[in-house]
Amino acid sequence: MTRVLDIRDLHVKFSTPGGSIHAVKGVNCHVDAGECLGIVGESGSGKSQTFRAAVGLLGHNGIAEGEIKFLGQDMFNLTPAQLNKIRGNDVAMIFQDPLTSLTPGMRVCDQMKEVLQVHKGIRGGEADRICLDWLERVRINDAKRRLQQYPFELSGGMRQRIMIALAMLCNPSLLIADEPTTALDVTIQAEILDIMAELRRSNNTSIVLITHDMGVVARMCDRVQVMYRGNYVEEGSVKDIFANPTQEYTRMLLDSMPKLDQPRSLEPLIDIAGERPLLETKDIRVSFDLPGNLFSRHNSFNAVDGISFKLRRGETLGVVGESGSGKSTLARAILKLVPTSDGVVSWLGTNMSSFDKGEIRKLRENLQVIFQDPLASLNPSMTIGDAIAEPLKIFKPDMSKSDRQDKVKATLQRVGLTANFADRYPHELSGGQNQRVGIARAIIAKPKLVICDEAVSALDVSVQAQVLRLLRGLQEEFGLSFIFISHDLSVVRDVSHRTLVMYLGRVVEMADTDDLFNNPTHPYTKQLISAVPIPDPEVESRRQRIRLQGELTSPSDPTAHLRFLPSKIQQNQLDYKPRLVEISPNHMVAQHDSIESLMRD
Amino acid sequence: MKINSPLNRYILKRVVNSLILLVIVMTMVFFANRQIGDPARMVLGNGASEEAVLALRTQMGLEDPLPQQYGRFLFGLATGDLGQTFRFGMSNSMGQGGESNAMDTLPIATERLPATLFLAGATIFFAVIVALPLGVYASVHPRSLPDRLISVLSLAGVSIVEYWFALILVLVFAVQLAWLPTSGYGSFSHVILPALALSLRPMGRITQIARSSIMDEMSKPYITAAQGRGIPMRRIAIFHALKNAAIPIVTTIGDETINVVTGVIIIETVFGWPGIGALTVDALSIRDVPLVEATVFLLVLMVLSINLLVDLAYAVLNPQLRIK
Amino acid sequence: MSSNLTPQDAEPLPDNPSGRISFGMILRALFRDVIVLMSVIFLIVLIFSATFAEVVAPFDPLLPNIFANRLPPMSYATALDGTENLHMLGTDALGRDILSRLIYGARASIFVALVSVFVSGILGTCLGIIAGYYGGLVEATIMRAVDAFMAVPSLLIALFVLFIIGGGLVNMVLIFALVRWVVYARLARGIALTLKEAPFVEAARAIGASDFRIMYRYILCNMLSPLMVLATLEVALLVLAEAGLSFLGFGLLPPEPSWGLMISRGREYMRDAWWMITFPGLAIFLTTLSFNLLAGWIRAISDPTQRWRWLK
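Protein chains in written order, with our numbering: chain A, 19 to 619; chain B, 81 to 404; chain C, 433 to 744.
By construction, these hints were calculated from the structure, which means they are not laboratory data.
Sample of chain A residues facing chain B (criterion: CB under 10 Å; computed from the structure):
{"id": "1", "residue": "Lys-103"}
{"id": "2", "residue": "Gln-114"}
{"id": "3", "residue": "Glu-171"}
{"id": "4", "residue": "Cys-188"}
All values reported here derive from a predicted model rather than from experimental measurement. Glycine residues also receive a C-beta, built at the ideal position from the N, C-alpha and C atoms.
Between the sequences and the hints, there should be enough to build the whole structure, so can you do that?
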């Protein structure tokens, strides 16, 4: 078997503010023809830098040492011109963020034809034909029109397809994909992974898949190499590593990931008869104006379009949905950060819209939130201690300064930080530490309900596991309720008593979590669950995937809400809204057509 | 091309916006001017009798109610009639009722426009052709010796005292060396010193912005992605980065052109350049209110046109404006 | 269930010292950059001598001596009271000491610039934050006013208004505050618009922080460094503007010592008394340059990606 890429004893150093950083410390790695190698590690593991060094894309402050052979050539001894001949031609890269990786202000066809012209000298009609052909191979709909469009006109999924087409134009022998699906929704991730697997089969392209997601590795790769803080940890066939990891770190990574196919340890909530629900929403709607102008009327669309649920004391309600599903808007509506246009939100049985100023204050004290980006949700000009004390200053203005400081210290300790963090600033802390600060701020005033909006999504899996454990501990200790909003089905399943699935502002399915994941009924729920990669190659190879027609529809499309009920479109009942039907106790499903009719041929 | 295309809508919106601004500004000028004092008294001088003043006031329409005067002012604005001057160019014939000597102000001011446009154009042209290569060079060789030198020089350019520097230039090149005329208007050699004095500030600022915006753009992920496709660096710089880096540069060139239009007010006085700036100062110093209104009108019109041109340039550089 | 976390469970505390910039760090950074250090020293000397002009200036700036007019630098002259005086930078057309006039001129220049920047900065920042934070009609009104001011060159407005209300120190401060608040308003509104959407502001609203608290503690506190950079640049600009207006005869009135006036007076004699325009011009240029250098330096040390190069 030919060796495509051979990396020997690679070191990468960056000269930075704080001196030199040793990002990669003597890594060995090789890729054979036609194989898919997974590179796994958390942030700071040096996994991306290894392969950027391999193709000479380190940036001006990076220095690489060691030996890199690509198809027998020593990559460190090439002139820029020779390197340019190889890049894009024999080895191609795709990156995490398809928006920033495509040149803005340059049409898709110009970017594609440029590659053909530079590497193959092909121009004009011949080039157009090849570009169109590739766009069709990455299954972009309406390929001809896409060629004439600019990146900002395309969705994230389409952009990533174009990145792949761009990379594959010259039939490279190696494709390096650096977190290619991290920024994408699960269903789109599944499709992108399918396309990559297909290209690998049809073109015999080797793939290096750099990812933090063990599930993606299990689905795609033959071999896997684990990295940690710039060091090689272990390497082997996917089957072996997943079944018998020899290193502690690999085992920890595998254990940290919540898995859809394994039983979970959440104690069921005991129903207390006659207890008022803590929070109840009835048919709430939030509508946003779409910007109009001189010539067109103002349009509006419902980001949240009629959602009803009840939340009991001590319960965790999981809210799952892809981007554009309105799950974050729902959170903001409950928090009264955006106004609801319709419907009722009741707190302990009282309609929130009737609250006076004092009651709203009391409500805010009881209703807290943790956001996704831990650093961005802390005021950069406030110390950690000030940030955590902020709710006390607002809700308990009479509290003495020393009492407040004691409380802050105690809370810091409760979330697993030490008291000396209080004088630090957010930018000095790691993501996990900042998220603990966010949690401390949310719980210091002893709220009854905390809304977690993608609260663990930005964290590495091992940190994510710690934070989830912390949240669960706090729930037990204080009897907190959570609304846990996430795009990550495995995490939601792990923490929630009940789960609600959203699509374009509407509920498609809601049930007790076990019920929902064991007997998903709505086609969308089925598609979502089947799209989530499971970190077990055995399970992955046996799984049946459900692929529905079409992409996520735009909210401005007037028939978007009928995507799973196209029979109503055929009957020309365009205003029909699918109703929720209770198919078994506590299991609500939106009306839909049969799944067979919605499946892709 | 469709009439209702996004680009046309964008342009129309900008034009309408500019016109609204023009009316707001001229309204402010109109009301400010009413605060200066009695225009009729100014025409006739302090010695004139009350009857004569009242007669002239009636004749000038100053006895009408203010809304009516304002309406007439707006109508005049729309038809290009900004009133008459009773003072300019006739300081000797003052005293006896000025109606026969009255001249329309707008033509007087418009007549001065070409000279100002010529000077401002030469200044910006000179600034841009020097600043762009310097900025590009500095961005490609950051923290090198030439880069530092360029940084210090551009800062000095930004800090320049234009009229003082102009006097020094005159002292050296016109008086001592006698290479160039000290002042006046006409041949190409007349424009060199004023344009040079005016161009150092825009030159410095454009250099600074060109350097930082190009460096900014070249560190973006899409540049790395294009490198990963094996596109040569020079090609990346020209076809990928330039268009985006140009947006802040164009903004700065626009802002600086506006500053030059301000700068001509002083520089034209220093060089005796027969432009709109010198006219403004003259009109102000003889307290000729209608003429001031006309020159302010033209200066504001120039500023708004420059802004409009910059907005159009955005539409060329940024397809998002053309499509959405 | 062992859900209670111990401190050992979390990652270690980073060992770099607090991110707060101490005065010592700034001082040390200053000493590393020679050019900026020189301009800061220049500004300190300038502000000091302007404040204590009565003590620092060798002579009365208004005292003419027609027997000693247009003396070149470093010449001696006999004063009216018979003493022999050294005029280091020469004398002007009325025999007044140029150095003394420069020192008193600095007082006018710096006073006008600093006070105007202070007034317009506070006014513009408040209006800008309010416009950005509240949006809607408030924003539309404020920003329309900003656009209108931006459409007319500031110097032109200043000329126009000074022409109406007359020149002088106080009027100049008023007019500069009137025309320059817009730059702060534009900057503050832009930043407020971005910060308003920032997760930490949303978090503050969820906590129940009042609008005032958010605007002050969460928005204003996070735009101080760009505001400081802008204010420093504006001081430079206003020093130039004050001199320019006085040069044209619309600013300070003679015999008041002002740098711009000195240049315009010296213009008639520039062919044979070069020092009469050269020194005031240099004074304006160096002051402006120093403030511009200082602004660039403040920007560099407050930019987190560049700060390391200065503060360590």
